[in-house]
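The whole structure should be built from the sequences, with the hints applied where relevant.
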Amino acid sequence: MKKVAVVGVGQTKFSGPQDKTQVELFAEAATDAIEGSNLKPKDIKALFLGNALGDFEEGQGMVASYAAENIGCMYVPTNRYEGACASASMAVRDAFMWVASGYYDIVLAGGIERAATMGTGMATRTFAMFSDSRYEFPSGITFPGVFAMLTYLYSKTYNVPLDKLREQMAKVSIQSYKHGSINPRAQFFGKNADMTVEKVLSSFMVCSPLTLHDCCPFSDGGAAVVLASEEVAKKLTKKPVYITGTGQSSCGPLINQKDFLPRIRSREISSQQAYKMAGRKPQDIDLCELHDCFSIASLIASESLGFFEYGKSGEAWEKGDADIGGKVAVNPSGGLKAKGHPIGATGAGQVYEVARQLRGEMEPDNQVPDAKIGMTDTLGGDCATIVNMILERGW
Amino acid sequence: MEQKLYFKEYNEALKQNKLLGLKCRACGMITVPPKMACRQCGSPDMEVTEVKTDGKIVTFTTIFVGAEGRESEVPYTVVIVELEEGPWLMGNLEGIDPKAASIELIGKKVKMSTQVFPGDKYSAGETVRPIFSLVN
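So the protein sequences, as listed, match chains A and B.
Under the working numbering, think of the first position of the first sequence as 1, with each following residue one higher.
Under the working numbering, think of the first position of the second sequence as 1, with each following residue one higher.
Worth flagging that the hints you see were computed from the coordinates, not collected in a lab.
Just a few of them, taken from the derived set where beta-carbon distance is under 10 angstroms, the chain A residues facing chain B:
id	residue
1	56
2	126
3	134
4	137
5	204
6	257
7	258
8	259
For each residue, glycine too, the CB sits at the ideal point set by N, CA and C.
Here you go:
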């Protein structure tokens, strides 16, 4: 396998409903990524694009081909990836595989979504399509509902009293809001820096016990990354960020995951693949952009990734062990909670953040000092698709 | 290879409050709802069996923000129930005040009935959902 580098990244501001089309959102992010790589659109050999719900958002299918043509990448193969909220990470991982194989030397990957444009009712309906349509949705389960059920299960399994757990979860949201408030491309830029435990707990109940501030927003946005082989990357940039490990795993409906929940077995398997490929351990990771679609999701993810003991990660957030300056900086971008979650673009947005961290390009208060090794973690559906990537400085 | 039990037959039986599952001839595990392969060992060599509907609540949530088309149902309580024979089922809990549903529900014994969810324009027809109620 060839070494593969991220040579350029781009991302729109993640936002609530706005007027740009999905293709336009991708074009902005992709053109920044291509120009930042010192490349031209004609240099791109293929496009791999995450997009979960474009059919419902704009009545647009097969969006990858239109996106490529829009930015001047003519006649290249274009693949659309749908893995719910993990769509873009699947796209980036497959782009990595194609470059690692030697078949292509330069590939563009990314994702787009206009979930916020659908409005809450339609977004809630379409997100529920990622639960089992025959055996789960008839009960009226929603996406936050899945993680609400995992919250009670977590409390029971690890004997963390619910009141204490909810306070720990509130601290996850507070940390994310703090970082997101100074990230100019975050949906909650300039907002919610003054969040308190009381405000989180007393905000609107979405599905018990999750309140509004436990939940990420619906978002619109696009993100893109250019991947290149090592030999090409060395000619393009002095700061290639190598993807040194990847993993991906899947499983069935939530009710079929009974042997492990609230542990996410697919995440344990995916992350172990990534660690093994990179020759790294959880303790080596300086920062991780992980899938905090809900506050409880951060706790569950950080345990499956091996950062903290099962049932103990809430204490890590209380002590600052999951913040910049702690054991591992979790979501210094603000994460899905505060940066936003345009589901088909989220994974590429995580790679965007980790690459910029390793290059030292963040806002000063969101920069993890001397970050050398970063990780991404993206979850799709009711824990049924997981993708992990480890990225490292190449200089 | 044909599946031993399809959604259609499972759904029709559920309408009669009868829960059908698949018993693996290789490892003995009961798989519900139906799949091609045993949830434990992956063997397709399974036979249709009627599964007891008694169980206990594993977890739950009360939904206050519903999907488009289902707004009038809120608030309602969704539960996962572990059946006596092992499998988990997702359904609704009725006979309680959904707003008052608390963590004390976990571990409580329930019995099952069913209700038809008529479906919406995306759901390819109706599906039957389990409705659980507490056993005193």
